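S.K.: Protein chains in written order, with my numbering: chain A, 6 to 259; chain B, 2 to 488; chain C, 27 to 471.
Dumping the calculated SDA-like pairs for lysine to any residue here, alpha-carbon to alpha-carbon at most 20 Å:
no.: 1; chain 1: A; residue 1: K235; chain 2: A; residue 2: Q210
no.: 2; chain 1: C; residue 1: K397; chain 2: B; residue 2: E427
no.: 3; chain 1: C; residue 1: K164; chain 2: C; residue 2: E65
no.: 4; chain 1: B; residue 1: K353; chain 2: C; residue 2: E74
Source of the hints: derived by calculation from the structure; they are not laboratory data.
Bear in mind that the values here come from a model prediction, so they are computed numbers and not experimental data.
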Amino acid sequence: MLQITNLHASVEGNEILRGIDLTIPSGEVHSIMGPNGSGKSTLARVLAGEETYDVTEGSITLDGEDLLDMDPDERACEGLFMAFQYPVEIPGVSTKYFLRAAVNAVRAHRELDELDAYEFLQLVKEKANALELDTSLLDRSVNEGFSGGEKKRAEIFQLAMLDPKMCVLDETDSGLDIDALKVVADGVNALRDGSRSFLVITHYQRLLNFIVPDVVHVLVNGRIARTGGKELAQQLEAEGYAGIEAGSKVANGA
Amino acid sequence: MANDSNQTLDAWAEQNDYKWGFVTDIESETLPPGLDEDVVRAISARKKEPQWLLEWRLKAYRHWLTMDEPDWAHFPDHDWRPIDYNGISYYSAPKSDDDRPKSLDEVDPKLLETYEKLGIPLEERAALAGVAVDAVFDSVSVATTYREKLAEVGVIFCPISEAVHDHPELVQQYLGRIVPPNDNFFAALNSAVFTDGSFVFIPKGVTCPMELSTYFRINSLNTGQFERTLIVAEEGASVSYLEGCTAPMRDENQLHAAVVELIALDDASIKYSTIQNWYPGDENGKGGIYNFVTKRGLCEGDRSHISWTQVETGSAITWKYPSCILKGDDSIGEFYSVALTNNRQQADTGTKMVHLGRNTSSNIVSKGISAGHGQNTYRGQVKIRPKATNARNYTQCDSMLMGDRCGAHTFPYIEADNDTAVVEHEASTSKIGEDQIFYCNQRGISSEDAVSMIVNGFCREVLAELPMEFAVEAKKLLEVSLEGSVG
Amino acid sequence: MTTDTMNDQHLFESEFTRLVDLGGPLAGLRREAYDRFIELGWPTMRGEAYRYTDCRPIAEADLQLASPGVEVTMEELRPHLLEGMPTHRLVFVNGMYNDTLSDIGTVPGGVTVTRLARAIEDKEDLVTQHLGTTIDWKSDAFDALNTAFVEDGLLMHVPAGVHLEHPVHVLHVTRPGAKPIVSHPRTLIVVEDGGRATCVETCCGLGDEPCLVNPVTEIVAGHDVHVDHYRIVREGAGTWHIGGLGLIQGNGSNVNSCCMAFDGALIRNGMTGTLDGTNGMANLRGLAVVDGTRHVDNFLRVNHMKPDCNSREYFKHILSDRGSTSFTGRIYVEQDAQKTDAVQTNMNLLLSEHARVRTRPQLEIFADDVKCTHGATIGRLDDQAAFYLHARGIGREAARSLLTFAFANEVIEDIELLPLRRKMETLLLERLPHGDLLQSMDSVD
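Sequences are here, hints too, so could you generate the full structure?
M.R.: Structure follows, in structure tokens:
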């Protein structure tokens, strides 16, 4: 469903992604791991359409639609969701209000009717229960004063509410203790329905014990250096990235 | 920030494009431009005013001649064109019968068309919201609807020119008592040449059963608007009043120098809300209304309460400081403001809270939004006089800057002469972050909608003070829906 | 401009003529400044800058420059010295250098600590390059007057990379007489890239007759400089102290200036800080203890001209009797000064019925990616806190003093120079009602 071909991207003239080829079929969970500076977060943000990055070469399509041709809000309406590593605060705008605007924007794009206040609240209750999320959190301004764990859970809650087909989780596990991690993972797993796809970006293998991936890719120096099954993650946990990095250097003729 | 947010602003500004630019071509019985004692007499004569009022006007005019125009150092960026007081016509009336229309049927059809274009079809609006409208077209008032309903409870809501005839003792008792003609340059001018405005009187113990509102238009070239409004709330009375303005596109600067006086006696409360959308000038700052208004509320009685709420998005230059004199013990003054300046607009606005009585309190929330090359200044004064025991003031001034070509300034003056006073003042500056807009985008919300949402969130406290029925105009002006509908 | 001021065409003319006849490299500057002073005239309360400060007594006084030969003994000076630490000390009496009481000692190689009068001769380039560059003397009559009459004071020069270990302590002692005198001490501190220095200025009075002390201090800091500056104002009861401070700093510089105002009929501290390099920090703090019928006016302006700088303004005023204070703090942020972080706070504690407070925190912002906040509070001692202490057995008056001390201490405890901090604590306790009770409680560690 998500097709990335020979993607090159740079920021302020520095090339970070150096030719990424990646295909994620519908319903699969792929993981991207890699050392710091490998370009993991860059990949996520380029997918989401953040302006600071220049795509210099390559293509990204979602179910055949050219994403690179779309603004970030259009990509979101097309069904791409990114859970931010550091969700920003928006004081003065209540989470409920924000979410309702988002849900209705996406629905409008899909030519569905907007939800009225009652319907929206029903949806909120349903999804919040599934995630064990305290709904009073939603009366607060977006992410304002949320703890790290609350922020990450709120991201997954938004994911559940927006019903995307392609979900990119950018280091969702960073800053979480084991309990918070489990709740987030449970929330994600509950959304694995056979047609929705996930790209889980993580530095540590720990999250992948809970969100078990179908495929694991290792990103080194802006390229996918290795692809394998979930065992690859365990191997990296045991051996670190050095082996792959060295291999990657050799492959790149360094 | 430069590229993305400026583009967003342009798109957003387009959506806010001035919609109400047009002129009604009705023959006006307009006085030729110029100002001298004869003009003052002519205005008074056309309105068939009693001698005492003519004297009052003349006294104000003579005093005005001795006063200096205020110094406009506040607006260094503005290409200030001096106002030619002799180039303005001080009276303009649509051609109609001497007798004012007694019902809407009798109103000049072209006038009604004007109201249609403004989006305030009187009948529909009145029916839906139960609102009485005193519509002022240039310098003459059209009949007020729902006069009968208000009369049932003894509420007087009529044009001030009418009140002069029907309730002279009330007008004479209160006119100029809160804003004396010699108070400032524009108040003196207004006192001399005011042509109309609202008079509201709420008798003892009465809660006015509906929101009262007024719409204005400036139509003829070079016609200054000098509205005069007087609202009196007797003991235990209360009223909510909304003032909203629109004006046509013009190349000449037009002057709007209104005076609004409020007085609340014991246990009375007055809520005065303004949505101001005068023509701000084009994106190069050409034309546009100069809005210099003197608004003051006197909390005369104990436990009285006056509250000013304003959403200001128009005018080329705005200069207004709605104020409260907290004379009665336990009286309360409030000021809630959203002021938005875009393109080359300049706003210098704020409030004065003067604490005189005991146990008085004042609350100030000011939200300034600057965009384009706009300059937005809050200038407020909190004065606690020596006998004002236990006075309380809380002030919050927040500025939001959109783009790097505008300015936001805060100049409060806080003066406390009583040691039991408690004063807290806070101000902060912020912007809409690119990361915030990107976050909204990633949730499917367009950049324009994101900006609107965040601006609305920024202004929430103030918008919540607007009477619900009239928040619609605020929505249009700030381009977002109010939060009250969710949850 | 003329409507805002009081003009006196013949003011100081004869004295100025004498100075002009001296010639020298500052002749042109002095002339310009004098003309400007005449043009501006004494400030009035109709202008914004002195809106709350009445300069009429100064304008009406028949001021003259002091005559030389006024004596001050070491015993009289001792209460103002810093105990237990070596300093490089210069002492001026009524504006004139006193060799006997001064003790500059040895300074590290390359460093200059000397009389300004000598520096004007020996280090002409240094002086002419920097003098008058940090303050807008063309806008303020007192700064212009000081610049017109600049003759002597302190010059400190620290070359690149040098740390001046011991503080320089300059004392401006005023002994007024029957006729009101005026002095214009000038301090110029120039610290080159990477340098570090500390300067303490004490302005003290011996005598209660009216007089005008008009000191101006300028701090020019290069890149990566650290300067700590203190000004202690303990003038005579009849003194009008109108002080100016100007500061300009380069990239990565950290300048802290603290002003403690304790005594003097009228004290005005005009401060202008200009952040003219990136990643700089300007920290202006002050404490004013205002009793009797005294008036203290803290008037600040911090200009953010470049991006990524921080500034902090933190001023606390304690008012009792019929004391009055005024605070004006403007944070100005240029269009390109993005990522500015500026915080300004003025807190006023009222201890009596007739105290009067005027406060004007101001923001003038032309850049959008900034964090600027200001706050001002006015109030009395917290009744709840006082009751709590009282309920714990602390007498009512002692409780009030304790709370007042706590209020002031936030400014004092940030004083890096320990002997100075101790001195200020002691001074504060002496001034507080029932401070002696606190001293006996040993509440100061």
